[in-house]
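Visitor: Spelled out from the first residue to the last, the chains are:
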Amino acid sequence: MMDSASLAETDVVAKPVIAARSLNLTFETNDGPVHALRDVNLDVARGDFVSFIGPSGCGKTTFLRCIAGLETPTGGALSVNGMTPDEARRARAYGYVFQAASLYPWRTIGGNVRLPLEIMGFSKSEQAERVRRTLELVDLAGFEKKYPWQLSGGMQQRASIARALAFDADLLLMDEPFGALDEIVRDRLNEELLKLWDRTGKTIGFVTHSIPEAVYLSTRIVVMSPRPGRITDVIESPLPKERPLDIRDSREFIEIAHRVREGLRAGHVDE
Amino acid sequence: MRSLGPILVVVLHILAIWYVACVPMNVREVLTAAERAGAEIVPPEASVRRDMGAIPLVLANTDHLGGSWSQDRAKLPAPHQVAQEIWASTFVEEVEGRRGLIRSGTFSNRGLIHHTGITLWATVLGFAMGTGMGILLAIGIVHSRTMDMSVMPWAIVSQTIPIVALAPMIIVVLYSVGVQGMLPKAVISAYLSFFPVVVGMVKGLRSPDQSQLDLMHTYNASSRDVLIKLRLPASVPYLFASLKIGIAASLVGAIVGELPVQKGGLGARMLAGSYYGQTTQIWAALFAAALLAAFLVRAVGWIERRTQRAMGLSA
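Same order as they appear, the protein sequences are chains V and H.
Under my numbering, residue 271 is the last one in the first sequence; the count climbs by one each step, no gaps.
Under my numbering, residue 315 is the last one in the second sequence; the count climbs by one each step, no gaps.
Bound-form chain V, shown alone:
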């Protein structure tokens, strides 16, 4: 009994949540083909917090959208939970958080979190319970009946994270979710996101263009560079799982940040 359980566990751990093999994506434009992604290889293990960092045009968002099945690669193989991205999307395998909170202004905060639950056909009582639980998780309990315009930008983004968490997908894809927020709010949300990740054990794919944000949050940092969009470095973070904000002044932190910066610069010189 014990054995089979632990066997199943290792089996799950061994299988990558996201596996990309020589992934290519070329957009045909009027000015000729644009290589948004070229020869991207990456495995993301269950429970990883992976950041994608790079200048604009490096394909980090495109890669995330490929994982979500919002873009279709033109070459190579990509699997999500062992399925194609489109199958994974149909199986509602992930929650997606956009750069803008994209809350529907005519729905209350509770109504916005309830949106995916309604579409996925949860029962009324299950909906109410999950809305309550996820809003608590992002520290928005008591704001259920407020409308988005009544909340600050940071709170709106937290609500949009709650919306992505509400249906318990194992994978959370976040596309520069805090890019439009000021430094102070961003720090706080980063800290909260880490706690959330710790509590829920989800696998997170996180696109950012901020080096401190990437280093602070991630277990792995994927450095990308543009024209063509490709991976130039994958950095395993040696930082402990418990990360107070002042870890950013530690020597390890600064070293990793330095390596990320070097990676970004190298990608730039290549061009």
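There may be inaccurate statements among the hints.
Below, computed lysine-lysine pairings styled on DSS-like, alpha-carbon distance capped at 27 Å [what the hints assert, rightly or not]:
#, chain 1, residue 1, chain 2, residue 2
1, H, K229, V, K124
2, H, K244, H, K229
3, H, K229, V, K146
If you are wondering where the hints come from, they were derived from the structure by calculation, not from laboratory data.
With chain V's structure known, arrange chain H on it following the hints.
Guide: Okay, now just chain H, sitting in the frame of chain V:
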């Protein structure tokens, strides 16, 4: 009520211009009447006067213009004459008239209220039909490329045909298949009001931005869910902008539809007035139509505010 002052100023100016305009507009009839009463008119020959402009006639006979605002069948009746007519054909007619509300228990068919009511119901019915059809067409256009390519050009063409030319044909065709009364007028109303609704709703249904649509896509939402939970709510502001245009167009349609039929309504009232030279009656019907239009647009605005409040879109 801060707008009351400015509105009053504008109304006073319009009234002033109106009273002044009555003089040259009615000068020929006024001078003829004055001549019959024994006054000396310059020039004395009616045939010479006929070829003169209105302004020179006014300037030559400034002493005999007292009748300008009390002509029985004035070319341009004065505001107070129109007001009297409105009063007479509403309150007085209903209280004292043989067929009025007091004596007969129903609104008099010689009174304005009865005719305004007829036009109101045709307008509302046509507006409802036009709005429903407009929304359905817009949903089709947004979801089907074929409909987008085929319906939209025809919708535009339909609005280039003068409704005055089309209305009698609609009435004749519907009459020949046994449809008469309120419905043909409503059809004309609907014909005019569906267009702004189609245009506004197509824009509204397409207004959600890419990330809002992507979000639905990540939930693997059906296009029915996308329509009901995203496109329709997002289109509400566009819908109400269209409805305000549509309701006014509906009223025009109903009135035009009443012109050839002469079975009541403000349109019938206007045409009857012009047959019998009853200009005050035409103007009274015009004012009733204007008031009705203002009331209908206000009503749509009220529904809009209620809807916005229910959707949390207003403070």
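Visitor: With reference to the structure, classify each hint as holding or not holding.
Guide: Do the hints match the structure? See the list:
no., hint, verdict
1, K229/H - K124/V, "17 Å, holds"
2, K244/H - K229/H, "24 Å, holds"
3, K229/H - K146/V, "19 Å, holds"
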